[in-house]
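Visitor: Sequence:
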Amino acid sequence: MKTLPGKELAAAIRAQTQTEAAAGPQPRLAVVVATADEASLWYVRSIAKAAAGVGIACDLVDLGPGATLDQIGETLARLSADANVHAVMLQTPLPEGSSAQEPAGAIDPRKDVDGANPLSLGRLAAGLPAFPPATAAAVMALLDHYEVELEGRRTVVVGRSTVVGKPLAHLLLDRNATVTVCHSRTRDLASVTSTADVLIAAAGRAGLIGAAHVAPGAVVIDVGTNPTEGGGLTGDVASDEVAGVAGALTPVPGGVGPVTTALLLRHTARAANLP
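Position one of the sequence shown corresponds to residue 1 (the UniProt record's numbering), numbered consecutively onward.
In short, the hints are calculated from the structure, not lab data.
Cβ coordinates follow ideal geometry from the N, Cα and C atoms, glycine included.
Among the hints, a few may not be true.
[Stated by the list, open to error] Pairs of lysine-lysine residues, derived as DSS-like cross-links and limited to a Cα-Cα distance of at most 30 Å, are as follows:
id	residue 1	residue 2
1	Lys7	Lys166
2	Lys166	Lys2
3	Lys7	Lys49
[Stated by the list, open to error] Computed spacing ranges between beta-carbons, pair by pair:
id	residue 1	residue 2	range
4	Ser46	Thr186	32 to 42 Å
5	Arg187	Gly64	36 to 46 Å
6	Gln71	Ala212	39 to 49 Å
7	Gln18	Arg187	42 to 52 Å
8	Pro5	Asp37	22 to 32 Å
Full structure from sequences and hints, please.
Guide: Right, here's the structure in full:
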């Protein structure tokens, strides 16, 4: 089985982004946080560190876990109206019981570099210019990097979130893939996923995809980032099981993740250079 790491691709994207960022005014990304979740806070800090490495300014706006949806929305609207801020991102999770979709509507689509505003998702579905969610874009970038043919091929996406599953289905359709989306209510999941030439696991359930779910020789992209008791990460794919069946598999960590962060920064640089 071939392993499909993302680090080399991420490095190439960062190098390109550094060139783009230096071509005009310094791009500035504002990341709004309203959580005490340590994994999310670690991720935000990693974004800030990566941004500095490519010449992008990154402001962390921490509203705390007690923030209301109104406060979050008002903050996003204020940052969207700030001419010195070129990109705005809302980090999840939000306070318990809150959905990101409502406050994300306050993000200017031209600054919505992680494709969170429903308007951005609608434009994406209609085939109009928009920034796609960085994770969905990272899957497409990896498939292109490893020259995985998509046109006419059976492609199954497991997961229907607005962050990965739904936007990714539209991106795949734009490339003429034959797309099926599975989810928690799909009956006999393995009977569907085992027909796929390209299988993308983005359900957020550790080890959900085993050998029985994978067709021999299939390309498997593992989007899952599930925390382990030891403080590490594991994917949605039981990699030890799948290794004997799949033709290729992305690792976790080190697969989709690095490319996601790199693309978020490239989106930021491009938002700064919009006319």
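Visitor: Taking each numbered hint in turn, which are not upheld by the structure, reported in ascending numerical order?
Guide: Every hint satisfied by this model.
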